[in-house]
Amino acid sequence: MAENGATQYGVSPPISTDPPKPQDLALGESLMEELKAQNNFESPDETKKRGDVLARLQKLLHQLVQIVGKQKKLPNEILKESGGKIFTYGSYRLGVYGPGSDIDTLMVAPRHVTREDFFEHMPTLLRQATTPDELTELTPVPGITVPIIKLELCGVSIDLIFSALDRASVPKNLELTDNNLLRGLTEVDLRCVNGTRVTDRILQLVPQTRVFRVALRAVKLWAQRRAIYGNVVGFPGGVAYAMMVARICQLYPRAAAPMIVQKFFFVISNWQWPRAITLQTREKGPLAEKEWDPTLNRWDKMHLMPVITPAYPCMNSTMSIMPSTKAVLLTELKRGHDIMEEIYGGKKQWKDLFVKQKFFSEAYQHYICVITAGKTKEAQQAWSGLVQSRLRRLIQGIEQSDADSVELVQPFNKGIDRVHECKTDEDRENTLAGSLDCQIGQTKTTEQSADVKVEAAAQGDASALELPAADQNAEQNADGIQTIWTTTYYLGIKLVEGAKNLDISWPIQDFRRLCTEWDNFDTNVHSIQIKHVRDYSLPDDVFADGEARPTKKKKKVKSKTAQPGEAVDKKRSVANAGLDENQDPAKRLQSGFVNGRSSNGTSAG
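Once you know that position 508 of the sequence shown is 508 in full-length UniProt numbering, the rest is easy, because the numbers rise by one and skip nothing.
Please keep in mind that the hints were generated in silico from the structure rather than gathered at the bench.
Do not take every clue at face value.
What the hints assert, rightly or not - For lysine-lysine, the following DSS-like pairs were computed, each having C-alpha atoms within a straight-line distance of at most 27 angstroms: (1) Lys326 - Lys301; (2) Lys552 - Lys356; (3) Lys500 - Lys150; (4) Lys358 - Lys326; (5) Lys500 - Lys554; (6) Lys172 - Lys59; (7) Lys348 - Lys334; (8) Lys351 - Lys377; (9) Lys59 - Lys72; (10) Lys73 - Lys326; (11) Lys36 - Lys59; (12) Lys500 - Lys36; (13) Lys48 - Lys59; (14) Lys423 - Lys500; (15) Lys73 - Lys49; (16) Lys358 - Lys70; (17) Lys36 - Lys347; (18) Lys334 - Lys351; (19) Lys358 - Lys444; (20) Lys21 - Lys555; (21) Lys423 - Lys358; (22) Lys70 - Lys80; (23) Lys73 - Lys172.
Claimed, not checked - Simulated restraints on C-beta separations: (24) Asn297 - Glu426: 33 to 43 angstroms; (25) Lys553 - Glu29: 26 to 36 angstroms; (26) Asp402 - Lys21: 47 to 57 angstroms; (27) Lys21 - Lys334: 37 to 47 angstroms; (28) Ala129 - Gln71: 44 to 54 angstroms; (29) Asp404 - Leu190: 37 to 47 angstroms; (30) Lys59 - Glu289: 27 to 37 angstroms; (31) Gly184 - Pro132: 34 to 44 angstroms; (32) Gln509 - Pro132: 21 to 31 angstroms; (33) Gln509 - Leu25: 15 to 25 angstroms.
Given the structure is predicted, the values throughout are model-derived calculations rather than measurements.
Don't be surprised by glycine CBs; every beta carbon is placed ideally from N, CA and C.
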């Protein structure tokens, strides 16, 4: 097959069918050593635990099918054959999971079990079949695009979704590859089953599964370390990176993993975008489902770096990429290619490829800080997730505004979570403005987009959030100390050379309005402030241990007489370009968050 060059994988012939050279094999060994050193693999015991958890879920699914069937008075002969099957998708199904990774899990049942049955019975079945020590999290969120139950069982995090096929039974040997199984499915069911279908199709379309997995582990680690990972902020996600690596495997079907990684950087950085990356010719499906098609849909035609899923109906996995994030990604791909050349030249090692991007210490001089706050942990999780899900609108607003001094905007792909205890109104105001004087505990970075409450917030499922009532004293202790939870999102701003002024007031105002129009927004519970910060003024906790923080450069004093009309223009500097730059509580209106009454202050939008 691929080994003799006789088989074509994908939509075009291979570029090379050369077998690995001794150097490739040696670099493959050192790559595996580095991935292990980077804690990219979990122990056999942890992997076995995952298998045990999935086996328990399979039993619970069988119970669910039987219980619902008996309630609906199905004959015993039908119930005996009704079955039900667990599928996985995502990183676990691809075989590239690591310590602490979630297992994306799909329960598939026959037609007599509905999604309502699933959400009514499965939480109860889970509680009955486990002890409190085993089941440490259980959060059903039924009202979002892909309804989900988030749970943690025996230390394993599970994202559990459900679909019912239009058939009387789901036997153990059933696979989801047959497009005819999609007949009769709702749009929600189709979204649920396609995760597994896409993952399986990717694995079927690569010549060497092991090579693909090692190369993908390397690429994912690189993307995470360089902060260019995550759909929610405009970068490729795990499935998109998997498809890009799979395409390289098709073009070099006999190559070892190091060569695949090298060619990944070369091919993707030189790809003729917006030409789409596809793994196979488009399949004809049995349904009239909408698919990605730039020849028919003008919105599809506007996508910048399309990477198309192989399973019917095909979709673009990278539709969130924007001009700024595309520019950042291409720069990082070029850096990766240069390092790979030096690795093959014996001048650098694999660890050099995986060095973290110095986003805060070297990448930019100007940052936009979006500071979200909540008076309870649960309210803040939902609120900060809502804001994060809309950050792309802020970036797009800046890109499309008249701020021609902006070259690009890069979002940091994780939120910075902090907890504060405030004694006075002044403490609270300063905390809402970004002060860390009242911070307690350790700063954490979180990928909010993975949280189900975040997704629910983004999609407006208020009923699933269990938000607290707007009680301004809800988190005050007997001494009057109020706990405030904050999450800050950072955007790096690169200005064009020589730029001194920046006016982004309109996109800032529009973004604030977009966030505070959320149905669950309450000035007594939530706060948002948007500020400009120079690199030398960033808080200490965003820098890694040993990372040198920037220092303020001394300016040369120049004597110059202002010309008529000049003063007004120059006052619109970077520091006050429509942002909440005033940190003095005495000079800023108090928000309803602090004193219990709504105002038009900046912290309330």
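Verification of the supplied hints:
no.: 1; hint: Lys326 - Lys301; in the structure: holds (16 angstroms)
no.: 2; hint: Lys552 - Lys356; in the structure: holds (23 angstroms)
no.: 3; hint: Lys500 - Lys150; in the structure: violated (48 angstroms)
no.: 4; hint: Lys358 - Lys326; in the structure: holds (19 angstroms)
no.: 5; hint: Lys500 - Lys554; in the structure: holds (16 angstroms)
no.: 6; hint: Lys172 - Lys59; in the structure: holds (12 angstroms)
no.: 7; hint: Lys348 - Lys334; in the structure: holds (16 angstroms)
no.: 8; hint: Lys351 - Lys377; in the structure: violated (37 angstroms)
no.: 9; hint: Lys59 - Lys72; in the structure: holds (20 angstroms)
no.: 10; hint: Lys73 - Lys326; in the structure: violated (56 angstroms)
no.: 11; hint: Lys36 - Lys59; in the structure: violated (34 angstroms)
no.: 12; hint: Lys500 - Lys36; in the structure: violated (47 angstroms)
no.: 13; hint: Lys48 - Lys59; in the structure: holds (17 angstroms)
no.: 14; hint: Lys423 - Lys500; in the structure: violated (39 angstroms)
no.: 15; hint: Lys73 - Lys49; in the structure: violated (36 angstroms)
no.: 16; hint: Lys358 - Lys70; in the structure: violated (59 angstroms)
no.: 17; hint: Lys36 - Lys347; in the structure: holds (22 angstroms)
no.: 18; hint: Lys334 - Lys351; in the structure: holds (17 angstroms)
no.: 19; hint: Lys358 - Lys444; in the structure: holds (17 angstroms)
no.: 20; hint: Lys21 - Lys555; in the structure: violated (55 angstroms)
no.: 21; hint: Lys423 - Lys358; in the structure: violated (35 angstroms)
no.: 22; hint: Lys70 - Lys80; in the structure: holds (11 angstroms)
no.: 23; hint: Lys73 - Lys172; in the structure: holds (23 angstroms)
no.: 24; hint: Asn297 - Glu426: 33 to 43 angstroms; in the structure: violated (53 angstroms)
no.: 25; hint: Lys553 - Glu29: 26 to 36 angstroms; in the structure: violated (46 angstroms)
no.: 26; hint: Asp402 - Lys21: 47 to 57 angstroms; in the structure: holds (54 angstroms)
no.: 27; hint: Lys21 - Lys334: 37 to 47 angstroms; in the structure: violated (25 angstroms)
no.: 28; hint: Ala129 - Gln71: 44 to 54 angstroms; in the structure: violated (19 angstroms)
no.: 29; hint: Asp404 - Leu190: 37 to 47 angstroms; in the structure: holds (43 angstroms)
no.: 30; hint: Lys59 - Glu289: 27 to 37 angstroms; in the structure: holds (33 angstroms)
no.: 31; hint: Gly184 - Pro132: 34 to 44 angstroms; in the structure: holds (40 angstroms)
no.: 32; hint: Gln509 - Pro132: 21 to 31 angstroms; in the structure: violated (48 angstroms)
no.: 33; hint: Gln509 - Leu25: 15 to 25 angstroms; in the structure: violated (58 angstroms)
Hint compliance for this structure: hints 3, 8, 10, 11, 12, 14, 15, 16, 20, 21, 24, 25, 27, 28, 32, 33 are broken, all remaining hints hold.
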